[in-house]
Amino acid sequence: ETGVTQTPRHLVMGMTNKKSLKCEQHLGHNAMYWYKQSAKKPLELMFVYNFKEQTENNSVPSRFSPECPNSSHLFLHLHTLQPEDSALYLCASSQDWASGIRNEQFFGPGTRLTVL
Amino acid sequence: GIQVEQSPPDLILQEGANSTLRCNFSDSVNNLQWFHQNPWGQLINLFYIPSGTKQNGRLSATTVATERYSLLYISSSQTTDSGVYFCAVRGYGGSQGNLIFGKGTKLSVKP
Chain A
1 ETGVTQTPRH LVMGMTNKKS LKCEQHLGHN AMYWYKQSAK KPLELMFVYN FKEQTENNSV
61 PSRFSPECPN SSHLFLHLHT LQPEDSALYL CASSQDWASG IRNEQFFGPG TRLTVL
Chain B
1 GIQVEQSPPD LILQEGANST LRCNFSDSVN NLQWFHQNPW GQLINLFYIP SGTKQNGRLS
61 ATTVATERYS LLYISSSQTT DSGVYFCAVR GYGGSQGNLI FGKGTKLSVK P
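Chains as they are written, first to last, in the working numbering: chain A, 1 to 116; chain B, 1 to 111.
Hints were generated in silico from the structure; no laboratory data involved. Idealized CB from N, CA, C, for every residue including glycine. It is possible that some hints are incorrect.
To be verified - Some chain A residues close to chain B (C-beta under 8 Å, calculated; not the full set): (1) P42; (2) E53; (3) E56; (4) P109.
Start from the sequences, fold in the hints, and give me the full structure.
Now the structure itself:
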């Protein structure tokens, strides 16, 4: 595998289910990101991890719970979601989150989530 | 925070035509990226270009940081160029590494 991978690619879940999205990067990066892309809206940053530490939480509801066990893996745990949470969830990574350092972000293919 | 505006919002081209997409931003940036989102949702990196000019095949980009804009040129367009093109920038200070995305330009190339 190369680049950034995400599983599953598609997910349908009910509002009472618990599921997890997985992201893995094979680029040797230290920063990982979760984004949400809803129809007709710009990409919204959800969470940032830099060297496994969470640095950003953009007022994301607690029904979304991130986990970063190491610099290569990032999870998004989902529980009691709402239909309006249906969206494309994208994972990205970069060498470092810190300003002043080349910080080109690379994205995975995304997980298309549908909440019934 | 930084505002990013892309124009035009929609663009329809005949195959073989050339086009220019524009990205304006409201403050100084230390990172600017152009992405192409294909119909399956994958964001593909086109250019990392906080300043200057770069070319990659039929695509080229220019960022004039002092005037706060960037241009993406697509020449001899092909149907596979269809999709949404996003510009994303990162400013100085504040949330250091966060990219701010524009709303995108939706390009449709007709055969």
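Each hint, compared with the structure:
{"no.": "1", "hint": "P42", "result": "holds, 5 Å"}
{"no.": "2", "hint": "E53", "result": "violated, 13 Å"}
{"no.": "3", "hint": "E56", "result": "holds, 6 Å"}
{"no.": "4", "hint": "P109", "result": "holds, 5 Å"}
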